[in-house]
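Participant: Sequence:
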Amino acid sequence: MPKSRFSVAETTDVTPGFVRLPTTILQLFGFLPPSSPRFEGRFLRICLRALALLHVCGIYVGLLVNILRMIPFLTLPATGHANAIVYAFIWAPNFSEYGRPAAILTIFFFKANSCLQLYRTISSLSLTFTPEVRAKFHREWKRLVTFFSLTAIILQMLQYLSLWMPTMIRVLTPPTLPITSSEVSVPNTTSAPPTANKSLQLQMIPASMTWVSLYFRVSTFAVSQQVLVLAIAAAVALRCLVLQRNLRITQLRRDLQAGLLSKRTLLTQFEVMQKCRMTLCHFNEEIAGVFGYILFFSFALDQTTLMGTLAEAIARPPAKVETAVNSCFFMLLFGCYSLAFFWPMVQVYDEDSKFYEVSQAFYLTCEQNHILVMGAGFFYFTRRLIANSMTFAASFGIVVYGIIQKSLTVPATNISQCNG
Numbered sequence: 015m016p017k018s019r020f021s022v023a024e025t026t027d028v029t030p031g032f033v034r035l036p037t038t039i040l041q042l043f044g045f046l047p048p049s050s051p052r053f054e055g056r057f058l059r060i061c062l063r064a065l066a067l068l069h070v071c072g073i074y075v076g077l078l079v080n081i082l083r084m085i086p087f088l089t090l091p092a093t094g095h096a097n098a099i100v101y102a103f104i105w106a107p108n109f110s111e112y113g114r115p116a117a118i119l120t121i122f123f124f125k126a127n128s129c130l131q132l133y134r135t136i137s138s139l140s141l142t143f144t145p146e147v148r149a150k151f152h153r154e155w156k157r158l159v160t161f162f163s164l165t166a167i168i169l170q171m172l173q174y175l176s177l178w179m180p181t182m183i184r185v186l187t188p189p190t191l192p193i194t195s196s197e198v199s200v201p202n203t204t205s206a207p208p209t210a211n212k213s214l215q216l217q218m219i220p221a222s223m224t225w226v227s228l229y230f231r232v233s234t235f236a237v238s239q240q241v242l243v244l245a246i247a248a249a250v251a252l253r254c255l256v257l258q259r260n261l262r263i264t265q266l267r268r269d270l271q272a273g274l275l276s277k278r279t280l281l282t283q284f285e286v287m288q289k290c291r292m293t294l295c296h297f298n299e300e301i302a303g304v305f306g307y308i309l310f311f312s313f314a315l316d317q318t319t320l321m322g323t324l325a326e327a328i329a330r331p332p333a334k335v336e337t338a339v340n341s342c343f344f345m346l347l348f349g350c351y352s353l354a355f356f357w358p359m360v361q362v363y364d365e366d367s368k369f370y371e372v373s374q375a376f377y378l379t380c381e382q383n384h385i386l387v388m389g390a391g392f393f394y395f396t397r398r399l400i401a402n403s404m405t406f407a408a409s410f411g412i413v414v415y416g417i418i419q420k421s422l423t424v425p426a427t428n429i430s431q432c433n434g
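Numbering (the numbering used here), first residue to last: 15 to 434.
To be clear, the hints were calculated from the coordinates, so they are not data collected in a lab. A virtual CB, placed ideally from N, CA and C, is assigned to each residue, including glycine. Do not rely on the hints blindly, as some may be mistaken.
[Said to hold, decoys possible] Heads up, simulated DSSO-like pairs for lysine-lysine below, C-alpha to C-alpha not over 30 Å straight-line: (1) LYS156 with LYS125; (2) LYS277 with LYS150; (3) LYS289 with LYS125; (4) LYS277 with LYS368; (5) LYS289 with LYS277; (6) LYS277 with LYS125; (7) LYS368 with LYS150; (8) LYS289 with LYS150; (9) LYS156 with LYS289.
[As the list claims (entries may be wrong)] DEER-style ranges, computed between Cβ atoms: (10) LEU261 with GLU285: 16 to 24 Å; (11) THR160 with LEU67: 50 to 58 Å; (12) VAL286 with ARG148: 17 to 25 Å.
With these hints in hand, go ahead and build the complete structure from the sequences.
Facilitator: Written out as structure tokens, the structure is:
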């Protein structure tokens, strides 16, 4: 009989207690198997996996709806080529907020077993700490993970209630003025776009389908953030392991300088530290295998969201100053929020870089910054990467402003409804 994707052995509660909240949310949506033995039924597991697959497919449907809603704006006769580029960047936050959870949840859908195995490794590695140190680390990890999990949900709800929901209601509200045949047959001009044509094309998408896509947009983004919280927890655990290694190296260096170590003891300590380094490298490879592409897509699409929000704020007409200020505030908030999520990866890099010279002297052959979290093998999460990407996203407004100045005048009616 074929073995199910989540066997009974895998449904036992093996995840550490400090990631209980994000794993529970992922279990409710079917992306992780139930941890309680009371929910080991085959039918329930199939239903949960079907629920997870439904949300993955739903977010792709929402992405398709966004593409269909964007086409009328890009095909208007009054829209020049440069304006189309501006429209594309203004719609970038919408696409990234659909594409980001779509990419994360699609990858995690097939990486769930590897994630469980990774946290089994974390549980076994935490046993190398003393009971006091292990209890201290677990309290810190649980506090950090709970904070990020709740913050991801609360900020997401506030964002949609304050920014996106009014825009969605305004876009879905039918026009109050009747559409006459003369309005529909407006000739191609450069003064204003045919609003009636635009309304008719937008009404081709049923309102119920738009609301369903909004549900998948909110729910899948919140669930995908819980996957990132698991990545943060793994990175924090790796940093603590590297920190303990560095403390051992420091103590060994002091004893060596004080002449307290014999040759035999020194060789024994070298072997212990070499095993520790190999364990950390293997653990780092496991993290990269599970969360590498997830971190890459998340980081790249976060920067796209920042650039698109900035483009929207610059392209809005003067009558929408208040909305532009709100967009800038959201951009600042989202930038800090994204930075906080990726900062634990930067700390892993920094912690591993502290004692490179010492570890090289001990091991004789050692690659610099060998233990760190990478994004799909494309880049390292360093302070320089974060600073350069944030600077590029902020300076992107200059490029958008130049495109707007060289293009046709962007109609206010188009821009006001682009970010629905």
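Participant: Now, for every hint given, state plainly whether the structure supports it.
Facilitator: Going through the hints against the structure:
1. Between LYS156 and LYS125 the alpha-carbon distance is near 23 Å, which keeps this suggested pair within the 30 Å criterion.
2. A C-alpha spacing of about 34 Å is found between LYS277 and LYS150, which places the hinted pair above 30 Å, so the restraint is violated.
3. At roughly 27 Å between alpha-carbon atoms, LYS289 and LYS125 fall within 30 Å of each other, so this suggested pair holds.
4. Of the pairs offered as hints, the one joining LYS277 and LYS368 holds, with about 26 Å between alpha carbons and a cut-off of 30 Å not exceeded.
5. Proximity of LYS289 to LYS277 is assessed by CA-CA distance (about 19 Å); at most 30 Å being required, the pair is judged to hold.
6. For the suggested pair LYS277 and LYS125, the alpha carbons sit about 46 Å apart, so the restraint of at most 30 Å is broken.
7. A distance of roughly 23 Å separates the Cα atoms of LYS368 and LYS150; the hinted pair therefore holds under the 30 Å criterion.
8. For the given pair, LYS289 sits about 24 Å from LYS150 by alpha-carbon distance, which is consistent with the 30 Å threshold.
9. This hinted pair checks out: LYS156 and LYS289 have alpha carbons roughly 28 Å apart, not beyond 30 Å.
10. Taken as a hint, the range 16 to 24 Å holds for the pair LEU261 and GLU285, whose Cβ atoms sit roughly 18 Å apart.
11. Our hint of 50 to 58 Å for THR160 and LEU67 is violated, since their Cβ atoms are close to 28 Å apart.
12. At roughly 19 Å, the beta-carbon separation of VAL286 and ARG148 lies within the given 17 to 25 Å, and the hint holds.
This entry does not satisfy hints 2, 6 and 11, going by the numbered hints stated previously.
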